[in-house]
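Colleague: Single-letter residue listing:
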Amino acid sequence: MSPFLAEWWDLRDLGNLVGAILEWISERGAPDWVTYVLSGIVGIVAVLLWAILSQLAFIWIERRVLGRMQVRLGPNRVGPWGILQPLADALKVLAKEMVTPRNADRVLYWLAPILVVVPAILVLAVFPFSPGMVVADLNVGVLYIVAVTSTATIAVFMAGWSSSNKYSLFGAMRSVAMLISYEVVQVLALLAVPVFTGSMRLGDVVAWQDNYNAWLVFLQPLGLLAFIIASAVEVNRSPSDIAEAESEIVAGYHTEYGGIRWGMFQLAEYVAGFAVAATIVTLWLGGWTLWGLEEWVPGWLIFLAKLYGTFFLFIWMRGTLPRIRIDQLMGFAWKFLLPLMLLNVLLAGLEKVVWTETGASAGLVLPAFAVLNFALTAALIVGWGAIAGGLSPRMRAKRPLLVREVGGIYYQPLP
Amino acid sequence: MEDVGSVVAFWALAVVTLGAALVTALVRDLVRAVVALVVSFLGVAGLFVLLSADFLGVAQALIYAGAISVLIVFAIVLTPRAARDNAETGMRWPALVLAGALAGLVIAVAVATDWGDGAREGFRETASAIGEALLNRYVLPFEVASVLLLAAMLGAIVLVRED
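Chains R and L, in that order, are what the protein sequence lines are. Letter by letter, the first sequence follows residues 1 to 415 in my numbering. Letter by letter, the second sequence follows residues 1 to 163 in my numbering.
One chain only, chain L, in its complex shape (with noise of 0.2 angstroms):
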């Protein structure tokens, strides 16, 4: 992160990200937050593409902008007319106490862990090292979330079946 492009782009993104975010945490219209919060994961994908994790980068453009975000709105349309905006509640402190403990813990353990900044070759390709390690080394977990994801799907179909 020595060269001035960097450092410019991480400053951007990182603005963009975390106002998208309180925006979406601030604004009233609940589709306004979804929109927001669009904004927000996109931000994330591109820091994540600044850090040379390209794969990571475009699938959280894939999996969150594109496919949780409609899910979200699949959410809010679905709800009655008397949920859709985005009120004060009551889980509004445990939700701020939980998000800033989060919120600390991800920083400690950012400053905390030594990076090896010096250490850092070019930029390498992470898609084929990716499926690597979860075909190979962690095939079990791998295995595992399907097979959760399968019973999920499996649950939500039995749950609106009709007879």
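Extracted from the complex, chain R is given alone in its bound form (with noise of 0.2 angstroms):
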């Protein structure tokens, strides 16, 4: 399985430890199928394991550094720094009282914040963190992504049905909507990424990116990010986080959620985050490798330090954009993304014929390929949203409908 020595202080894959573990249990006599359940079962809650403590770090890093991006301190009594504060927030959150709505639809108010969490935790058994260090390595792994991410949103809708509260309806139907608009451009922007490497099993995609030394982010800078932009709308993350916009709906879909199930709702957003930072660096950034640092460093370390830099990226996207409306969000998606990554594929497939009928060399074709993709990215953004801007709805508007229809006053723009 694993490239290296198979001892089992090997530090490179952590795999080897579990990997004796393991030998030494069926040398003592157990069924294949006892060491099978048990490697699973283990890699699970390590997984798990690792979520979770991740989380609790970066609750406290990102109210950290959104404080020092809005010019203010953030949490800083309980530990030194504040360090602690995640802690005392989990314990408040275990001891809080769940309360239930009167008119809660009962099953699935109680349902709801447990399926969130299980979509969350499965997208992250196909990541590599270092070579054969993986729970499942699919060979459909880009796909499984999309799959199982794409069936938490039917968890939020009953959080915010069930709750019978109409902010709650408001934030499910708005997480909903926005599902079906960015859930195109998400696939969208993933499938360039198996035209280039001929392999939807997230191993193979690495192994790609490091046998020709280019991440696919410069082959494919548009659809990197069109995907970022997407993951932040999937996973519900200022500045789109339009289905539980504090400033609008109260919170959304979890509004009358309390204690350990609003507590689930977090976890699952923040593990949610963490798998759509492992997709971008599996995809685009080298998953494992550091061009030739993976032989001196543990693979799973720098896989690691990508990650949390990606994460990274979104707390500073929340630091630094306002809220974007709904019908901003939507007309985005609709009208600007879904056209660039349609061109984007198109482009994909036509550079991965080019390369493969000229016959030319990597080492020529790449690179002249990556100029011409951030060229053309620049080219299509700048003018794309030209063309797209001058056609909004907003710059036309006849009759003011959603303004009259609720008997708002309307006020004739100035000419």
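Any given hint might turn out to be false.
[To be verified] To give an idea of the chain L side of the interface with chain R (calculated C-beta under 7 angstroms), a few residues:
| # | residue |
| --- | --- |
| 1 | Val31 |
| 2 | Phe55 |
| 3 | Val58 |
| 4 | Ala65 |
| 5 | Val70 |
[Stated by the list, open to error] Quick partial rundown of chain R residues pointing at chain L, CB under 10 angstroms, derived from the structure:
| # | residue |
| --- | --- |
| 6 | Val140 |
| 7 | Val148 |
| 8 | Ser162 |
| 9 | Glu183 |
[Unchecked claim] Label-pair distances were calculated between CB atoms; the ranges are:
| # | chain 1 | residue 1 | chain 2 | residue 2 | range |
| --- | --- | --- | --- | --- | --- |
| 10 | R | Arg77 | L | Arg161 | 52 to 60 angstroms |
| 11 | L | Leu71 | R | Gly198 | 26 to 34 angstroms |
| 12 | R | Ile83 | L | Val4 | 46 to 54 angstroms |
Derived by calculation from the structure, the hints in this document are not laboratory data. Virtual Cβ for every residue (Gly too), placed ideally from N, Cα, C.
Assembling the complex is the task here: the two chains are given apart, and the hints tell you how they should meet.
Modeller: What follows is the structure in structure tokens.
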């Protein structure tokens, strides 16, 4: 399995330790399925532990960094620099009362916080943390990521619907509407990656980037950009967290939730964020490779460093950008990102065909593609922005439909 | 399907799929019915994976559990209040007869087909094989399907146009 010497103390692949333990067990006469089940359980528990510990760390980091960005202090009372704040928060969340609204649909209300966590954790199974260190290296890994994350929406809708609260329902509807729009963009952005690598197995994608010494971000800058935007929408992170926009609809779909149920939604949001960061790192940023450094440093450390760096980007976005209105977000998906992504897939296919048909060497072709794609990305964003911006309905509204419907006052715009 | 794991997994998935389908048909609340339907879809995806059809399994989860269910949710939320429960209608008996006939047909085909159990090899990757088949041998149905989808999309846009 592992390309390295399988000594249990070899830290470059933590799977070695597990492998040694499992070998020890099977030597004591345990049947095959026991070791099989055990290895699965160990993998899942390890990933789960990692996710929860990272979440605790990032709650603190996010609040401190956001405080820094917004010129305030952030939590600084519990422990040195407030570092124990997440633990205090966790205890508080565990101890709080869980209120159920009287008119709630109890079954769905109770199920939703559990179901929303399941896909977030399931998706972590396919990421190779280092060579061989993966719970399940599926050969349809790229599709698996989209498929599993998309099922979280129905849980979010359950939460919003069952709360029997209009703000919850607003949040749920927004979340469903956003999923329908941005799912398409996300899939198309991901699609260009297997076009180049010729495989949907995440291990192969990393190996391809390692082999050609070319991270896919250089070949697919537009795809990565669109994926970051679409993912920020999918995991409900600000600036696109309109499903729980606290300035508009209280807390969206989890308005009525408290205590550990609310904690489950927070957990799901963070873990889904880590999963998105892991996707970006694996598919576009070379996974556990770093131009030869992986010979000296354990691959999983490089992977985690990249992952946390990518996640930091999302915090940065949250601290910098204002929240977007829902109609702007919808229009952005359908009128801006979708056409660009279709072009991007076409471009990737053309480049792949040119590469294989001419038989040119990778060292010659890939830099050329990189330069071309970066230039095209800039041109497309600027050009399409100019075209789509001029066509937006806001610019040529003849009658203010919604304002008149709800009986509001409409002021004629100045000519 | 000789090893114990596969048999256990098959029966567990079959029970989940059929049980959730039953709940979908019998439960009164439409949103609960949708949730049960999603479980049923995921069970079918699991059955596909069990049959080494990895691509089909994931596609089933993506399209049915992820997208179609959301569309159904949209339909439920956009229908007026009166239509929101799963009450009995006049279509009950025709629907039962149709479902029974379909089930009978599928079972008959499944029993009559020679599945060639002995000749089965181990797990093979299906994604590339499906892709090749769609773009070589079955390219015409593939294109016709995409034209149909495009027509449906244009039709939807025309229907909801304002002026």
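Colleague: With 7 angstroms as the cut and Cβ atoms as the points, is Val70/L at the interface with chain R?
Modeller: Nearest chain R Cβ about 5 angstroms off; hint holds.
Colleague: Can we keep the Phe55/L interface hint, with Cβ of chain R closer than 7 angstroms?
Modeller: Status holds, d = 5 angstroms.
Colleague: Please check whether Val148/R passes as an interface residue: C-beta within 10 angstroms of a C-beta belonging to chain L.
Modeller: This interface hint holds because 7 angstroms falls under the 10 angstroms limit.
Colleague: Against chain L, with CB atoms and a cut of 10 angstroms, does the hint on Val140/R hold up?
Modeller: With Cβ-Cβ at 5 angstroms, under 10 angstroms, it holds.
Colleague: Tell me if Ala65/L is really an interface residue toward chain R, meaning its C-beta lies closer than 7 angstroms to one of theirs.
Modeller: OK, holds: Ala65/L within 7 angstroms of chain R, min 5 angstroms.
Colleague: State, for the Cβ atoms of Arg77/R and Arg161/L, whether the hinted interval 52 to 60 angstroms holds or is violated.
Modeller: Given a distance of about 58 angstroms, which is inside 52 to 60 angstroms, the answer is holds.
Colleague: Verify the CB-CB distance for Leu71/L and Gly198/R against the hinted window 26 to 34 angstroms.
Modeller: Holds, at about 32 angstroms.
Colleague: Was the hint right that Glu183/R lines chain L, CB cutoff 10 angstroms?
Modeller: 7 angstroms, holds
Colleague: Given Val58/L as an interface hint, is its Cβ closer than 7 angstroms to any Cβ of chain R?
Modeller: 5 angstroms, holds
Colleague: For the hint on Ser162/R, does the least C-beta distance to chain L fall short of 10 angstroms?
Modeller: 8 angstroms, holds
Colleague: Is the shortest C-beta separation between Val31/L and chain R less than 7 angstroms?
Modeller: 5 angstroms, holds
Colleague: With respect to the beta-carbon atoms only, verify the hint that Ile83/R and Val4/L lie 46 to 54 angstroms apart.
Modeller: Check passed, 49 angstroms falls within 46 to 54 angstroms.
Consistency note: the structure conflicts with none of the earlier hints.
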